Amino acid sequence: MGIGDVKVAAAPDKIKTAGLGSCVAVVLYHPYQKSAGLLHIMLPDSSLSRSPIYNPGKFADTGIIELIRLLGYPPARLRAKIAGGSQMFQYESTEDTMRIGPRNIEAVRQHLEMFQIPITGEDVGGSSGRTIEFDPSTCELHIRNMKLGNCII
Amino acid sequence: MNFEQNMTSYQIDLLKEAGNIGAGNAATALSKIVGEAIEMKIPSVKMVSFDEMIDLAGGPEKEVAGIFLRIEGEMKGSMFLILSLSQAEAYAKVMTNDPSFCINTLPLTDMKLSALRELGNILSGSYLSALSEFTGIHLFPTVPSLCIDMAGAIISQGLLSVSQSGDRAVVIDTVLSSPGIEGAFSLQAQFFVLPDPDSFERLFLNQKAEYHD
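So the sequence lines, in the order shown, correspond to chains A and B.
Residue 1 is where the first sequence starts when you use our numbering, and the numbers rise one by one after that.
Residue 1001 is where the second sequence starts when you use our numbering, and the numbers rise one by one after that.
None of these hints come from the bench; they were simulated from the model.
Keep in mind that the hints are not guaranteed to be accurate.
Said to hold, decoys possible - Computed spacing ranges between beta-carbons, pair by pair:
#	chain 1	residue 1	chain 2	residue 2	range
1	B	Gly1035	A	Pro12	22 to 30 angstroms
2	B	Glu1036	A	Pro12	19 to 27 angstroms
3	A	Ile152	B	Lys1046	43 to 51 angstroms
4	B	Lys1016	A	Arg99	32 to 40 angstroms
5	A	Tyr73	B	Glu1039	54 to 62 angstroms
6	A	Lys14	B	Met1047	29 to 37 angstroms
7	A	Gly149	B	Ser1086	17 to 25 angstroms
8	B	Glu1072	A	Glu106	24 to 32 angstroms
9	A	Gln33	B	Val1034	55 to 63 angstroms
Just so we're clear, the structure is a prediction, and the values are computed from it rather than from any experiment.
For each residue, glycine too, the CB sits at the ideal point set by N, CA and C.
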């Protein structure tokens, strides 16, 4: 799955996205139905789009709505796991895009709370890239991190 | 301006020429650093999806050394110098005169990191000063920043401002390499310049003015 994609999968299939930096991956899953969806957002809010037509998966607000719609379950039944939101480059700039990782995390948390979807696991922030894979049959999120090693949440 | 539909072959040629001049200047600088002849491939100008852009740098999970800077001033954009880990190691060895340097022994000492950062400084500086001269546009690059990690995590930083305008990016892609002797180690470096979409108008406006002079 690539940047800005929104996809769903059911066990035994797994869903994966590679090379997350400041982007945030949001996994929404139904703990009993063994189905899950993944979203790979770049920016915190669709109001940042300068074009009226855009891919909803690029933004935290529209992406989460789209993912809930694709899954088709009442939001309150869903659980979330999130990863990403790093700050890859450290330097001074006047541009907002430099602090986009933390802003993405904040926006994702806010929108999940709005739909009352609890976050059951997260591996966010820091300054390293991540590749993640979610297994709907175990509800485990496997995270590969080149600098800090691998983990499961 | 909707650059996705309106880019003419004339404009693509202009961007190619800009890449040619910039990377040519950087090749000369690199040649002085490593003391070897450096060749430059003809730059390519492509309109790519974000995933294709990351594939150009080796794929989302490929571990690379990326030097990134933002171009500010009259034209805005992002610039990357991407080196494979073995290439980064080779450059750092040449620059620090230390053959024992190994990039896998993380964390890197300050000396090695600053050698790579300096390489980024020199190459991006020479690229952009030539680009600025060619286009007649004042460019103010930020201080380059180095990151060794997955290509997807590095390149996506440069796609953020592009993504506010659309789902595709225009990239000027240039590869520098030393021909080397057969079997010997060949140095390589890849440049990406990603102009912000709203900067195209400014870029082409200047060129048109010059063209009609």
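Exercise. Would you say the C-beta atoms of A/Ile152 and B/Lys1046 sit inside 43 to 51 angstroms of each other?
Worked result: Between A/Ile152 and B/Lys1046, where Cβ atoms are some 38 angstroms apart, the hint is violated.
Problem set entry | Range hint compliance [Cβ, B/Gly1035 to A/Pro12, 22 to 30 angstroms] | Violated: the Cβ-Cβ distance is about 56 angstroms, outside 22 to 30 angstroms.
For this session: Could you see if the CB distance from A/Tyr73 to B/Glu1039 stays within 54 to 62 angstroms?
Result: Holds, at about 57 angstroms.
Problem set entry | C-beta pair B/Glu1072, A/Glu106: status relative to the range 24 to 32 angstroms that was hinted | The hint (24 to 32 angstroms, Cβ to Cβ) holds, given that B/Glu1072 and A/Glu106 are roughly 26 angstroms apart.
Exercise. Does the Cβ distance between B/Glu1036 and A/Pro12 fall inside 19 to 27 angstroms?
Worked result: Violated, since B/Glu1036 and A/Pro12 (Cβ atoms, about 53 angstroms apart) do not stay within the stated range.
For this session: Starting from the hint 55 to 63 angstroms, judge whether the C-beta atoms of A/Gln33 and B/Val1034 obey it.
Result: This hint holds: roughly 58 angstroms between Cβ atoms.
For this session: Starting from the hint 17 to 25 angstroms, judge whether the C-beta atoms of A/Gly149 and B/Ser1086 obey it.
Result: At 22 angstroms between Cβs, range holds.
Exercise. Falls inside 32 to 40 angstroms, the C-beta gap from B/Lys1016 to A/Arg99?
Worked result: With Cβ atoms ~34 angstroms apart, the hint holds.
For this session: Take a look at whether the Cβ-Cβ distance between A/Lys14 and B/Met1047 falls inside 29 to 37 angstroms.
Result: With Cβ atoms ~32 angstroms apart, the hint holds.
This entry does not satisfy hints 1, 2, 3, going by the numbered hints stated previously.
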